[in-house]
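Undergrad: For reference, the chains in residue letters:
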Amino acid sequence: MDDVTTIHSSSLAVADSAASEVFVVELAEYSGPLDLLLTLIRDEQIDIYDIPIARIAEQFLDRISSLKLDEAADYLEMAARLVRIKAQMLLPRREGEDVWEDPRAELVRRLLEYQQVREVVDVLERRSEDRRSRFARAYTQAAVQLPVAGPLVISLPELLSAVDRVLRLARKPHVHDVVPRALDVDGAIGIVRALMAIRARAQWKDIVPRKAEPWEVLSLLLALLELAKRGELRLAQPRAFAAFEITRDPSSEAA
Amino acid sequence: MTPLAKLLEAALFASATPVPADALRLMAAHAEDGETTLESALEELRLHYENDGHGVELVEVAGGWQILTRPEYTEAIERVQLAARPQRLSAAALETLAIIAYRQPIGRAEIEEIRGVGAGAILKSLQERGLIDVVGRGEGLGRPLLYGTTSSFLEQFALRHLEELPRADELAIALRAPRHAGPTATTPPVAVGAPTKDNGEAAPRAD
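Chains as they are written, first to last, in our numbering: chain L, 25 to 279; chain Z, 697 to 903.
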């Protein structure tokens, strides 16, 4: 139960836990320089439209150095801004200039805007507390389960006939004798060379004998491809599915 | 209960998230329970939980309806670890959310200008929590990513729609009117650009 309570109390900086690569300064007390500034103004009960800038700037600097916040760029930027406004306030106002623009105006506008944000945050906080105190149905997609088959209801004759059916379907394996008869590519090369020595061009049917065994056909085919690869002859097919022509390679002849 | 109320109860029970009003209306149209309207059936169901002593209640949220447990049982449920309350958001995260809710679609530079602090990490974690999403790209330099709130935001903040947030002129300090004219409450913002890493958003906060 102690675990539960600690989870609740550690409410700060949840959103920034994901940021590992960025150095984020966020205190439980202040969510940013404007927050700190607003706190000072509230603590001192100062009219936001008439901020004694020198005093506030000093307090701001005090506060960030005591909080070791002086390294945080965002706070430093605000500190610099305050000091600049303070300097601007010290400048003598020129007589006769039509309107004096208050250097604090922009800061006041931002503070008011920020205060508005804080107001909305209060609303959101209330709402979120309300929702956090209710649970929705925790629906999780159940893993898909295949239906479990029930006990088998079957009689003995049924079972036997089923076995019979299976056995009949499973035919005897077809036993095949492999005759070792290696391809004779070298022999086929000899045949092709002999033929091409006497003929300039030939066709497939000239080379392969009528009743050639498969191994002969394969040997001759490989021989043709081999010779074509070596450049001794050329294989050409005038169009798709036409008989291909075998010709002596003129370049190899020259050589 | 009327048949339609019972049907709606079943549908709401079956869903872990708020059932959109459109989905309920569709169910009501198919139910052919000519007598009862969707509104009266929902009201009937709500009163049923309200009056007959139930541990749950019917809540209208995020443009839809949802059955939720009553707050008085939260601690007891949590104690036996059946469910846990989500963690609270930090003040900085809430501020960022508030700004986005009112000014959406809004870019990172503008959020940082209002808060006076860098917002990159917070935006990232809010997006991971599904509370905000990239809803488009701005016109300005580097076409910055623009953020908007999601329907999950409405759900987690018990809002029926964005208009339920106090209007800017209802806040104690009314300054700038929110830029959005008619915020889309029921439909979650459609992400136009792929929600990739925010690039080219390094517009310095110059003012």
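Calculated directly from the structure, the hints in this document are not laboratory data. It is possible that part of the hints are untrue.
Derived Cβ-Cβ restraints for the label pairs, each shown as a range [as the list claims (entries may be wrong)]: (1) Gly-749(Z) with Glu-101(L): 53 to 61 Å; (2) Leu-176(L) with Gln-777(Z): 54 to 62 Å; (3) Ala-707(Z) with Val-132(L): 36 to 44 Å; (4) Ala-97(L) with Ala-706(Z): 49 to 57 Å; (5) Ala-111(L) with Arg-775(Z): 42 to 50 Å; (6) Phe-709(Z) with Asp-154(L): 28 to 36 Å; (7) Val-190(L) with Ala-710(Z): 41 to 49 Å.
Yeah, the Cβ is synthetic: ideal placement off N, Cα and C, and Gly gets one too.
Undergrad: Against each hint, give a clear statement of whether it holds in the structure.
TA: Checked hints:
Separated by about 58 Å at the C-beta atoms, Gly-749(Z) and Glu-101(L) satisfy the suggested range of 53 to 61 Å. The beta-carbon spacing between Leu-176(L) and Gln-777(Z), approximately 43 Å, falls outside the hinted interval of 54 to 62 Å. Against the hinted window of 36 to 44 Å, the Cβ-Cβ separation of Ala-707(Z) and Val-132(L) comes to about 53 Å, which falls outside the hint. Taken as a hint, the range 49 to 57 Å holds for the pair Ala-97(L) and Ala-706(Z), whose Cβ atoms sit roughly 56 Å apart.
A hinted range of 42 to 50 Å for the beta carbons of Ala-111(L) and Arg-775(Z) is inconsistent with their spacing of about 59 Å. The supplied range of 28 to 36 Å is broken by Phe-709(Z) and Asp-154(L), whose beta-carbon atoms lie about 22 Å from each other. Remark: the range hint 41 to 49 Å for Val-190(L) to Ala-710(Z) is upheld by a beta-carbon distance near 45 Å.
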